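Given next are the chains, with one letter for each unit.
Number of protein chains: 4
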Amino acid sequence: MKKDLKIAIIGAGSSYTPELIDGLIARSSQLPITEVRLVDIDEGWHKAEIILSLTRRMFEHAGLPVKVILTQDRKEALTDVDFVCSQFRVGCLDARIRDERISLKYGMLGQETNGLGGFAKAQRSIPATLDICRDIEKYSPNAWLLNFTNPSGMVTEAVLRHTKVKTVGLCNVPVLMQKGMAQVLNAEEQDVFVQVAGLNHFIFARQVNYQGEDKMDYALEEFLNDNQAFNPKNIPSLKWPRKLLANRHQIPCPYLRYYFSSDDTYQKSVHEAETEGTRGEVVKALEEKLFEIYSNPDLYVKPKELEGRGGQYYSDAACDLMSAIYNDKRTLMHVNTRNNGTIAGLPDDCAVEVTSVITKSGPMPLNVAPFDPDTLAMLQLMKTFERFTIDAAVNGDYQSALRALTLNPLVKNGKVLEAALDETIRENIQYMPQFQAYYEANLK
Amino acid sequence: MKKDLKIAIIGAGSSYTPELIDGLIARSSQLPITEVRLVDIDEGWHKAEIILSLTRRMFEHAGLPVKVILTQDRKEALTDVDFVCSQFRVGCLDARIRDERISLKYGMLGQETNGLGGFAKAQRSIPATLDICRDIEKYSPNAWLLNFTNPSGMVTEAVLRHTKVKTVGLCNVPVLMQKGMAQVLNAEEQDVFVQVAGLNHFIFARQVNYQGEDKMDYALEEFLNDNQAFNPKNIPSLKWPRKLLANRHQIPCPYLRYYFSSDDTYQKSVHEAETEGTRGEVVKALEEKLFEIYSNPDLYVKPKELEGRGGQYYSDAACDLMSAIYNDKRTLMHVNTRNNGTIAGLPDDCAVEVTSVITKSGPMPLNVAPFDPDTLAMLQLMKTFERFTIDAAVNGDYQSALRALTLNPLVKNGKVLEAALDETIRENIQYMPQFQAYYEANLK
Amino acid sequence: MKKDLKIAIIGAGSSYTPELIDGLIARSSQLPITEVRLVDIDEGWHKAEIILSLTRRMFEHAGLPVKVILTQDRKEALTDVDFVCSQFRVGCLDARIRDERISLKYGMLGQETNGLGGFAKAQRSIPATLDICRDIEKYSPNAWLLNFTNPSGMVTEAVLRHTKVKTVGLCNVPVLMQKGMAQVLNAEEQDVFVQVAGLNHFIFARQVNYQGEDKMDYALEEFLNDNQAFNPKNIPSLKWPRKLLANRHQIPCPYLRYYFSSDDTYQKSVHEAETEGTRGEVVKALEEKLFEIYSNPDLYVKPKELEGRGGQYYSDAACDLMSAIYNDKRTLMHVNTRNNGTIAGLPDDCAVEVTSVITKSGPMPLNVAPFDPDTLAMLQLMKTFERFTIDAAVNGDYQSALRALTLNPLVKNGKVLEAALDETIRENIQYMPQFQAYYEANLK
Amino acid sequence: MKKDLKIAIIGAGSSYTPELIDGLIARSSQLPITEVRLVDIDEGWHKAEIILSLTRRMFEHAGLPVKVILTQDRKEALTDVDFVCSQFRVGCLDARIRDERISLKYGMLGQETNGLGGFAKAQRSIPATLDICRDIEKYSPNAWLLNFTNPSGMVTEAVLRHTKVKTVGLCNVPVLMQKGMAQVLNAEEQDVFVQVAGLNHFIFARQVNYQGEDKMDYALEEFLNDNQAFNPKNIPSLKWPRKLLANRHQIPCPYLRYYFSSDDTYQKSVHEAETEGTRGEVVKALEEKLFEIYSNPDLYVKPKELEGRGGQYYSDAACDLMSAIYNDKRTLMHVNTRNNGTIAGLPDDCAVEVTSVITKSGPMPLNVAPFDPDTLAMLQLMKTFERFTIDAAVNGDYQSALRALTLNPLVKNGKVLEAALDETIRENIQYMPQFQAYYEANLK
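Residue numbers (the UniProt record's numbering), protein chains in the order written: chain A, 1 to 444; chain B, 1 to 444; chain C, 1 to 444; chain D, 1 to 444.
Here chain A stands alone, though its shape is the one from the complex:
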C-alpha cells in the first residue's frame, strides 16, 4: 500500500482550509501524507499566502514533516497526486453577494445554492471545475476528486457525466443531520444508523435506527419541535410546518425550509438583507476577521472562531472520506455519487446524495426504498432543474437556462425571469464564458 500520499487543494485561499489541515493532522496515523499542494488564482492569492504560512505552522507544530507548496501552475499542483480537494468559489464572495442582490431585486429568494443564486453559482463553478478535470485526467488519472465546491451536487454530476475523473461530492448537511440525530438520541454518532437520500441540499433522512429499533417517529417529533440539534447556523431558523410534515416517516434537511416554507424564508431573507445584510455580506465580514486571525504568526492550530460559519464539518468529512477510501474502511458516509438506480425514478447517470459504503474503489450506495409520491415528484422536478442547469453550464444554451429556471419553485417565471437571467449573465460574464455568444448578441 502506498505510503506517501499527496494532496492538492484547489481554492486553497478558502477560510475552511485550516479545518481541512486540522483534519489531516488528526488522522496522520491513518493517512501518510507527505505533500500538500495549495492552488489558487490571482483573486485569492493574498488569502492563499496567509493559508500557506498557517498550514506550514500547523504541520510543524504537529511534528509532521509534510511538504507544503502554493502554486498557480496546475501541472505542478496536479501531477501524481492521490486526492484533489476542490473548494473554490469562482468570483469570491462578491459574486455570491451579487447573486443574492439580483434575486432580491426581482422578488425572489436571494440564497447561495438554491433558486436563481444556486443556478448562477452552477454557471460559474461547472465550467471552472471541468477545466480543472481536464488537468486531473492528464496528470493524475487515478486521483480522487473530493468536491466540495458548491452547488456540490450539480458540480459532481457535471464531473461524472463530462469527464473521466473519479469523484465524490461532499456536503456538511448530512453530517450535521447525523450528529443531530445522535445528540437527540443521546447516543454515539457511529451507533446511530442514519440513511439519507435525495439531492444535495434537498435530502431527507429515510431511516433512523438505534440499538435495532426504528427511532424515526421520535426523531421527527424532536425535529418538528425545533430541537436545535438539527439546525446549522447558516439556515434561517423558523418553525417547521408541522401539519405538513408530521407522521411521514422522513425528516427533511434544513434547506428544505426553502421549499416547504418558501414564503416565510423569502420574507426573512428580505428582512435580513434590509437589516444585517445578506448572508454573503455577513460571511464576508466574518471571513475578513478570520483571515486577520489566520495571519497571526503565533497561531498554529485551527482557531475556534472558524466554527461560526455554516460549513463546519465539511472538511472533516473530506478527511474521513480520504481515510475511508485509502484504508478500504467500508464505513457508511453520506456522499454525492452516481445514481445508477439507487433512487428509483431519477436518471441512472445523475448525481444523488446518498448514504454509501466507502470502499477503496469508492462509494457503494445503499439502496433507497421508494419515496412517497409528492417527495418523488419534487425530487424529479429538482433533478430536472439541475440537469438543464448543467446543460446550460456546459453548452451556454439560453433556452436550457430558461427551462431549468422555469421548473425551480423558488424562481418566478414570465418576463421577470428573462430580466433576472439577463442581468445575471451580464454581471457575471467574465465567469460564464459559455454565455459569451448570447451576451454579445443580446446584452452588450
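Any given hint could be a false lead.
No copy is singled out in the list; a pair is fine if it fits within one copy or between any two copies.
Below, in silico cross-link-like pairs of lysine to aspartate or glutamate (EDC-like), each with a Cα-Cα straight-line distance of 20 Å or less [unchecked claim]:
(1) 67 with 440
(2) 2 with 94
(3) 239 with 316
(4) 105 with 263
(5) 166 with 213
(6) 243 with 423
(7) 415 with 287
(8) 239 with 292
(9) 415 with 397
(10) 329 with 188
Since the hints were made in silico from the structure, they are not lab data. In this text, all values refer to a predicted model and were calculated from it rather than measured experimentally.
Assemble the complex: chain A is given as a structure, and chains B, C and D must be docked to it using the hints.
Only chains B, C and D this time, still in chain A's reference frame:
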C-alpha cells in the same frame, strides 16, 4: 340497437344547457333521443326553470317530440338513462368569486381551475359528484357519465377510482386547439390530425399533421406569434415566452400561460380584479344577461350571445361524444380517461386528457410518445397535486390538502398557505362536508 | 392529392404476388395506381417472369391501364415510387427447408419464423432489407415501405432503427384473428373492435368488444374449444392447454402454441417431417403447382388455389394499408410499428405489433393496457431475443447470436447450440455476409 | 445489550446442525448464547436425538454452559427466542429423490432447487414455513428468522409477503463465490469487495474489486478457465460456454450452468442417475454415514466428513449473520431480503439475493447497477416463475402452478407438463395440503 335514448342533465340551470340542447337537436338523426331530464337543486332552481321552458321551446321548434322534465329527485332523473351530462357548479358563481378573492388576498393567482381556486373547486365538486355516482350505479349502471363539471380531470379521476360508473371527462380546450390548428392551416377541422396529451387544463399538442406532413413547426410558430386562432376568451392574452417554448415540437394549451408566465398572469389577474372585477364577477354579470335572454318566451334557439363565454364548444363536444359512442363511430376525440400507461411516468389509474378513438365501448386512447424531461416533471408534479387533492376531497384529510397545495406552482407555501387554506375551508364549509371535523376542531 | 401512384414489389416472384395485384385491382377506385414495378433477382427470375405476364393479364382483364415492368435494377425500380412492398425470401424455399432440417437434426423445433429457424431467416432477411432501404432513402425518400418479408417484426425493427425509411410491418395473423372473432360472434368484421398487442407472431387479443359489450370471455371459450375460425392452415392444430389459458382475459395468436405447448408442437413437427415432409417441403410442392397454374396464359384472375397457403390475407392487408394511408382513412389496423411506450416494459425504439389508427402520416398505435406479469415477462424475453438477433444481423457478432438464441424458449442451449449455430452459418454463408469473418476464422 | 441469547433450530435433525453448533462455539465471545432449542418432527426424530447428544457433547467440550433441549412443541421451542434457524426438508431426502425421478421420467432436469424439482420443494416448504411463522409471530415477535430452508429465495419471499416475521434468507453459493474470488486473487476473503446480485441460485457477481482495482476481467477469465476455486461439490463440473459469457463484466454463479448449458447439464443428470444415482440418492447414502459418525459418543467436534456435502459454509454464514445483527457490525454479507428497488425491473416486494450491510436492524442492501438486457429478461422471467410458484404454494391454485412452470426454462410445456405436475401433486399430497381440493377432484 336501442332507439329511445334518455339523457339526464345534472346542473341543468347552467347557462350552457341551451348549447347542449342545440347540439342534441343538430344530431337528431344520429341520436334518437326521446327524453331529457333536467336536474338541479334549490340554489339553481329558478335558472333551471328558465332552462326547462327554453328547452321545451327549442325541441318543439325543431319538431322533435322529446319529453323534457325538471326534477330534484335523483331517482326519477337517473332511472334507466343512457347518458348523464354533469355540468354543475357547487355553490354557484358566488363560490367561484370567493375562491378568486381569497387567493388574491393571500397574494396568489385567483383563478377557477388552477392553483388554490382549482383546489377549492375540486373540494366542492368531487364529494357532490361521487354522491351522484352512487345513484347512477343504482339506477342506471350502464349509463355513461359525461363529465364537464370542473375541474374536469380531477372529477373524472375521482369517479374512475372511487365508483363503478363508466365516465368520460370533457373539456373545450382541446376542441379549441383542434379548431385553431385547422384555422391556422386553412384546413377542414377533421382533416388535421392533432394529438393532444397531458392533464385537463395542462395539455400539449404533441402532433399536428396535415396531408401526411408534420405541421408542428409551422403551427408552433403561429402560436408563438399569438395567432388569435389559438386563444379562448377566458384566458388572459399575453405574449408567450418564445425563448422558452420555441423549437420544442409541442404546443402548450392556453392555460399553460399560468405556469410558463406565472408572474405576468398573476399581475394581470390582480389588475383585472381591481378594475373590471375577477373573471367570476364578469361571468356573473354576463350570466344574468344570458338568463334574461333565455327568459324571452319568443326565443326557441340557442342565442348567439352564449358564445361570449369561454366554455363554447363544451356542449358540442358532449353531443359529438354521445353520438360517437352510440354509433360506434371510431372518430378521434380529446377526452379525459384512465391512463393505463398512455402517458408513461404517470400512474395507471389516473385520469389523463388524451386523443382517443371513441368506440361503443368508450374511449381507446392513442399512445403518447415520451414527453421531454421538463414537461414530464411538470406533469408528474401536477398529477401528484391532483391526487392529493382528490384524496383530501374524499377523506377530508387536512395533511393531504397541504401536501397537494405545497406542490402546486401557483400556490405560495409556508404560513400563508395554512391561513389561505383555513379561510377556504371556513368560507366553504357547507359545500365541503369532508372537512367538518377539521372545521369543528380548528376553525369554528 | 397525387393521382398517379407508383408501386414497387420487391420479391415479385413470390406466389403471393397475384393476391397483391388482385387487391390493387379491387381497390382501383381508392388507389389511382399507374405503375407497378416488379423486382427480383436471378434466383427468382423465372418465377418473376411468370408473375409479370399474369400481372399484365390481370390488369388488362380489369380494364386498368397500369404499366407493369420487371427489373433487377433497383434504381429503375425504386425511383419516385409511393409504396414499396417487400415480400422476398432470401435463399428461396430451399433455405427455409434447410433451417427446418438443421433445427430438427439438433432436437429443436423446425419452423420458419420461430426458434432457430426464425433466427436464421432474420440473419438472411435483415442485411438484404437494409441494403434495399439504402436505395429507398436515395431514390424515394418519401415512400412507405410495407414490409411483409419475414420475420416481419424483426425486419421492421431493423428498418426503424437503422434507416430513415418510413415503414410499416404487416402480418396476416392478426387479420385472421379479427376475421375469426367476427365469425365466432356472427358479426361483420368491421363491427367487432379487436385490439391486439405483442410482437409479430407473438401477439394476444387484448380486447374483443361488440355492440358496446365485452365479448372476451365468450371468444376465449370458443377459442379454447378449438373453434376453427381461429386457426390458420400453416399452424399445427392441437388442443390448447385450457387449464393454463382459461379466464385470463386475453387470447393468444396461433403461433403461441409453440410456446404454450412446446413439447407437443415439437413432437408433431418431428412426426410431420418424417411423414409428409417439413412445412417448407410441403409449401415447395404447393408452390410448384401454383406456378404451373400461373403460367396458364388463359388465367387472368387470382386463382383460388392460392388460398391453400397460410399467408392468405397478407396482401389484402397490404392493399388496405396503402389505401388507408393514401386516403387518411383513420381506420384501425394491426401493424408492426415503433413502440414508443405503447407496450409498457418494452424499449421505446423497438417494433411491436399493435392495433393502430392508420393516418396519412402513418400508424398511430392505440395504448395497450398493462399485460399480466407472466405474459409481460415472456414478451420481454422474446423482444430481447429479437434485439440481439437484429444486432447479430447488423454486426455479425457471434456472441450476440449466442445471447439471442440462449434466451429463446424453443432453442436448446449448451454445446448443441454452438454446433447448430455453426452449421446454420456454414450452410447459409452466401446469404449471411455479416458472418464472413467468423466463417473464415472458425468454419472453413 | 441483551446477554442471554436463545436460539431455536427448526429441522434440527439436519446433518448440517453440527456445523451450526461449531459456528456458535467459535463465536462464543461475540454471541452470548445460553440456550439452544432443537425442534424436529416424528420423521426426523431419530436423527434429531443423535444431534441432541452430539450438540451437548460439543458445548460441554468447549466449556460453554449452554442449555440444549429437543422438542416437538413449537410453543416451548419458540417462546422468547432471539434467532430461529430454519433448515428443514419436508419429506426428507426421499421427497427430493422423488422429485428428481419424476423430472427425469418426463425428460426434464432432475434437480433439487431448479426446474420442476425446485417448484415441488417450494410447494412443500412454503406452507410449512408459513405455519411456523404464525408461531414466531405469537411467541417471539422480535426474533429474527434465519432461513436456509430451500428454495431459500422463494421461502424468504413467502415469509416477507405473508407474515410479519423479520427474516433473512441465506445461501452458501455467494459465500463460496466470495471465497473463490479471494483464492483466485490470492487475497484475504474480507479484503476482496464482491457484490453479488440476482435471485437465490440465480445470482451474478457484479463487482470484484481488490486494493482499489477492478478485478472483474481477471476473475471472469479464471472462472471461464474452470478454476476449481469457483466450483461447489454438488454442481456438475462442466466447461462454461466461453463464447457466450466472456467479456461481459459479470460472473454467473455455478447454478447458472443449468440455464446457460441446459442440454449438457440435463444429459449429465440423466447419465448420473443411470450410473451412480441421482444427487439425492448419493446424498442419502452420504448422510447415513454422517449420522453413524455423529452417533459416536466420543465425537465432540464437527467431523470433517461433513465437508463432503455441498452445503458447507451455510451454517457458518448463519452464525456470521447472527453476530453481525447482534453486534451491529455493518459488515457486508450476501443475503436474501426485500428488493425495494435494489434491482431495478423486479417488484419492490420480492426477495432478491444481494450484498447488504448487516446492521442491528437487519440487512441494508447495496444498490445494484442496471443489468444488461438479456440478464434482466432472465431475472424477470425467473422472478415471475417464483411469484406464481409462491402463489400456488399459498393458494393451491393449479393455474398458478401451470403459469409458473410454463415460464421455467428447465421445464417442458404442453401435455407433458400437466402429466408431470399431476404426478408431483399425487406423490406429495401429504406434504402439499394446498392442493387437496385439486387432488380430490382430479387425481384420486
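The hints, checked one at a time:
For a Cα distance limit of 20 Å, the shortest separation of residue 67 from residue 440 qualifies neither inside one copy, at 46 Å, nor across copies, at 61 Å. Taking the closest pair of Cα atoms, residue 2 and residue 94 never come within 20 Å of each other, the shortest separation being 41 Å inside a single copy and 57 Å across copies. Taking the shortest Cα distances, residue 239 and residue 316 never come within 20 Å of each other, neither inside one copy (29 Å) nor across copies (51 Å). Taking CA atoms no more than 20 Å apart as the test, residue 105 paired with residue 263 passes in both settings, with 16 Å inside one copy and 15 Å between copies.
In the homo-oligomer, the alpha carbons of residue 166 and residue 213 lie at most 20 Å apart only across protomers (13 Å), although the nearest pairing inside one protomer, at 36 Å, exceeds that limit. Taking CA atoms no more than 20 Å apart as the test, residue 243 paired with residue 423 passes between copies only; the shortest distance there is 16 Å, against 39 Å inside one copy. For the homomeric pair residue 415 and residue 287, neither the shortest alpha-carbon distance inside one copy (37 Å) nor that between copies (34 Å) is at most 20 Å. Taking the shortest alpha-carbon separations for residue 239 and residue 292, neither the intra-copy value of 36 Å nor the inter-copy value of 54 Å comes in at or below 20 Å.
Taking the shortest alpha-carbon separations for residue 415 and residue 397, only the intra-copy value of 18 Å comes in at or below 20 Å, while the best inter-copy value is 37 Å. For the homomeric pair residue 329 and residue 188, the shortest alpha-carbon distances inside one copy (19 Å) and between copies (15 Å) are both at most 20 Å.
Hint violations for this structure: numbers 1, 2, 3, 7 and 8, all remaining hints satisfied.
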